[in-house]
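Full structure from sequences and hints, please.
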Amino acid sequence: MSAVDIVLGVILLFSFYTGWKKGLFVALASLVGLIAGVYGAIYFSHFAGAYLAKSFDWSEQTLNLAAFAVTFLIIIFVVSLAGKLLTKIADFAALGFINKILGGVFNVLKFAFIISVIFMFINASTDISGMIISEDKKADSVLYEPVASIAPIFLPNLLSEVDKLRNIEPEEDQDATPSEATAIKDSIN
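Residues are numbered in our numbering as their position in the sequence shown, beginning at 1, plus a constant of 90.
Taking lysine to any residue pairs in the SDA-like style, the calculated list, with each CA pair at most 20 angstroms apart, reads:
| hint | residue 1 | residue 2 |
| --- | --- | --- |
| 1 | 200 | 188 |
| 2 | 228 | 94 |
| 3 | 178 | 167 |
| 4 | 200 | 212 |
| 5 | 111 | 184 |
| 6 | 144 | 134 |
| 7 | 228 | 96 |
| 8 | 227 | 214 |
| 9 | 190 | 179 |
| 10 | 200 | 128 |
| 11 | 190 | 172 |
| 12 | 200 | 233 |
| 13 | 200 | 107 |
| 14 | 174 | 106 |
| 15 | 178 | 122 |
| 16 | 174 | 188 |
| 17 | 111 | 99 |
| 18 | 227 | 95 |
| 19 | 228 | 206 |
| 20 | 111 | 167 |
| 21 | 111 | 171 |
| 22 | 174 | 192 |
Derived Cβ-Cβ restraints for the label pairs, each shown as a range:
| hint | residue 1 | residue 2 | range |
| --- | --- | --- | --- |
| 23 | 229 | 195 | 21 to 31 angstroms |
| 24 | 178 | 107 | 20 to 30 angstroms |
| 25 | 148 | 191 | 40 to 50 angstroms |
What the hints contain is simulated information worked out from the structure, not anything from laboratory work.
Heads up, the beta-carbon is just placed ideally off N, CA and C, and yes, glycines get one too.
So, in C-alpha cells, the structure goes:
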C-alpha cells in the first residue's frame, strides 16, 4: 500500500462516514441544491432584485450581487429541507439503514469524482504532474487508477479539453501582437 492509497483511502472513508451520517436524501439534496441554486440564481435572481430594489437604495452592481446571493441561499435552503423531509419519511418507513448505506456510497462516488477531475487537471500539467504524484507511485497504487478513471467516463469532453491544455506549445513568435496571439490561441481551440 502506497502513500497515495493511504491518502485516497482516508478521503474516501471520511466521505463514506459523512454520507452515512447524512443519508442518501440529504447527500443528494446537497448536490442538487448546489446545482439548482446556481442555475436558479442565474435565471431567477431578478425577482429578488426587484424586491430588494424597493427596500434598499443600493447600486445596480450591489443589488445584482445581493439578489444572486439571496436567491442562491433560498434555493439551497428549500432543497435541503426537502432532503431532510425525505430522510424522515425514509426513517419512518424503516428504510433508514438503506438510506444511510446509499448515502455513504453516493458520497464516496461524489468525492471520487471530484478527486478524479483534480487528477485530470494535474496530469494535464506536465510541469507539476510528476512532482505531485510520480509515475512510479501511480503504478504502485491500488486506488489511483480506479479513482482517476471516473471523471473521463462521465465527462469525455472535459478529457479532450484537458488534452488540448496538455498539447499547447509555447508560442514561437515572441514579437506577436496581442491580436495575433489571440488568433493563434483561437486556431488551437
